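Peer 1: Residue-level listing of the chains:
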Amino acid sequence: MGDVFSNLGLGFGVVFQLVQWTPAFLGGVSIPIPVNILLCLIGALVGTLVGVLPGIGTIATVAMLLPITFGLPPVGALIMLAGIYYGAQYGGSTTSILVNIPGEAGSVVTALDGFQMAKQGRAGPALAIAAMGSFFAGCVATVLIAVLGAPLTKLALAFGPAEYFSLMVLGLIFAVVLAKGSVLKAIAMIVFGLLLSMVGSDIETGASRMAFNIPELADGLGFATLAMGLFGFAEIIRNLDAGGETDRQLVQQKVTGLMPTRKDLKDCTPAILRGTALGSILGILPGGGAVIASFAAYTMEKKISKNPERFGRGAIEGVAAPESANNAAAQTSFIPLLTLGIPPNAVMALMVGAMTIHGIVPGPQVMQKQPELVWGMIASMWVGNLMLLIINLPLVGIWVRLLRVPYRLMFPSIVVFCAIGIYSVNNAPTDVMLAGAFGLLGYWLIKHDFEPAPLLLGMVLGPLMEENLRRALLISRGDWTVFATRPVSAVLMAIAAFLLVLAVLPSLRKKRDEVFVESEN
Amino acid sequence: MNLHSRILAAGALAALAGLSALPAQAQSPAYPTRAITMIVPFAAGGPTDVISRIVTAHMAQTLGQSIIIENVVGAGGTTATTRAARATNDGYTLITGHMGTHAASVPLYPKLAYHPEKDFEPIALLAGTPILILAKKDFAPKDLKEFATYVKANVDKVNAAHAGVGSVSHVSCELLNSVLEIKPTGVPFNGTGPAMNALVGGQVDYMCDQIVNAVPQIKGGTIKAYAIATPERNPSLPDVPTTKEAGLPAFQAQAWNAIFAPKGTPPEVIAKLNAAAVKALDDENVRKRLLDLGSVIPPTAERTPASLAALVKSEIAKWTPVVKPAGN
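So the protein sequences, as listed, match chains A and B.
Heads up, the first sequence is in my numbering, so the first residue is 3 and it goes up one at a time.
Heads up, the second sequence is in my numbering, so the first residue is 2 and it goes up one at a time.
No wet-lab data here; the hints were simulated from the structure.
Computed from a prediction, not measured in an experiment: that's the story for all the values here.
Careful, some of the hints might be misleading.
From chain B, some residues computed to sit far from chain A (all C-beta separations above 12 Å) [as the list claims (entries may be wrong)]: (1) Y32; (2) T89; (3) E182; (4) F190; (5) T223; (6) P232; (7) T243; (8) P268; (9) A307.
Below 25 Å or equal to it, Euclidean Cα-Cα: the simulated DSS-like pairs (lysine-lysine) are [what the hints assert, rightly or not]: (10) B:K289 / A:K156; (11) A:K265 / A:K449; (12) A:K371 / B:K225; (13) B:K153 / A:K371; (14) B:K143 / A:K371; (15) A:K371 / B:K289.
Ideal Cβ positions, reconstructed from N, Cα and C, are used throughout, including at glycine.
Work the whole structure out from these sequences, hints included.
Peer 2: And the structure:
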């Protein structure tokens, strides 16, 4: 324990390090500048901005800004990149809540209740609780990394392909629970999402699948393309329908308080705690854990809630839990990088690139060899989260005011920002056209009461599920019992089966409405 | 703009036009007159990107113009390489190609939109990244000889990880398997990070990978290395024997990186770029940074465009019998 404190002390020392700046025009007077704090602030700001601009995802931003950090000292560069990463997690919830456009996989579920809250004039409390939940989760995750980072690494290594596959199966069951309408339609959407995720190259042979010889499809459909189309563009078309405009104006007049009420806070506290716990654990698993975190948290809240019918209609717990979970997961996902030197996702791979440029290739000894780097980064996470709370709470008022912009001015700007965002991911015009097509499809789906959230989750989980299934079966030489004989996998499968039975039983008793269908009429 | 200034502007334009009509010899020493774009066919931060950035930073000083790195990813680097092949051949668009994009892609993608030899002008070889034979830390064989015997005897039990179809780790592992005359089960991962994670976690038995990713793990004792597939030992891993020393001399593989320009780029431009690259490779600071990555810097004789052309030819010949087309 004493080690942890001295290490954290070292970390905060790095973060608060002052560099003497002696500009010529001051005639030899030097000003101490907290360079790392400034870099952390810049990273958090850029991340928030990027998160708020629909479409421009974290990976694209970090990739674009990576070269800028080459001129910085390694610790500063990493602090800034990490700031961008979790800043984007904060910002991503903003568009989900305000305009129903999730910027990344982690904020899809935030849109479910967050946007409903905005429609009821409660965008302020939704944004504020998202920021507070994220801050709390960030603080807990920082401490967790500092205290238990090294032992938790074992969890990351214990997860092989079989365990991941079982986790993804569990994830798909969660996706069914997300739906507020018909279970059958939700399943149809998940399967459709899985099918869409198959477009691209076969992982084992490299063969092109369902790409119709279109080179742009060779690497598969992008998440941003689909999310912008199905959520963003479809929502706009629906709003432009007859009556949409007046509907929106009603929303704008209804805006009440900006901050959550005492009752909101009381309702949310347990949700934030549970979301943080789930997110912290799932985030450690490289390759997919963090994606599942937010909707596992949402599912859990809906399942244990006394009145689950509120979910999907503006329940504040439905915003607090997933937002806490995705921020906790974003942070604990640093564990494999900091303890093993293995990047668990694409953003972290870029950070390893940044270190490589500086001549540091992180490995299992990175904690011993580069303690300032590792502990500096851990300390900067806490500082960054505090900054994000300070940046975001005052911004809530501004965001809510944005809702008062007349829709005839707002929707063209959303379309333009979405188009720029989608284009920037791969510099491909095809992606923008695809998003347009998915917009039309999304409109048709909304009109027929199919929900896009399960589709997106199917699309995100599909590749993880398929790849791990095939890896597991390759390693077991086609023996399907691996999923039952490996203990972690067996437990996950058992939970999935239990949830499925829970979902099917009531429908057998013709009482399934209580669990899944909270039909409006 | 009034009439007077219009006439002045027209005159200035005419003067400029006259300048540009000067004979080519007078014009060419001026190259480069603006920034050069260097396409890197992989994500920022990967081995090719890092080598490219280190060398081009020095080349930019020599050439007196900045060199802008553009990372274009997709389809194993062939998307970017296709773009470079179709770029204007004026010396302002270049590409850092590697073993995959300019050799292994030929057998791997039968419908490739370019040919490394026909559509590119070789400029200079920058650095080689040695390939290592790696295994999980508790894998039974103690050295390379035992490894060869063991995998041959247990070919239906062992699993070889790789970083995805067409990746360096994939094609070099195919070469190793063909040298050993075995066909083990290959387990594909998305990139070297996840593949390394599986090897450290012991979910797979062995893999081939570039030195830069593997050194910290080997030094940290989370995995072990049987041999390095280069003629000489590497200073960053002095204890790891070469494949020749360890008894498998036929397995030689390096992920080389080199600069190419689109076909038809003027010879004087190529000469200038080659000279700048050669100068960069002689710079102490550049050498140190490349060596820190475990790279092998080519000797002077191997830095000419002609030797790069020969390397591309020999590498295509080397990989064609080893690499199966994607989709089979």
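Peer 1: Run through the hints listed earlier and report the numbers of any the structure violates, in increasing order.
Peer 2: Checked against the structure, the hints that fail are numbers 4, 5, 10, 11, 13 and 14, while the rest are satisfied.
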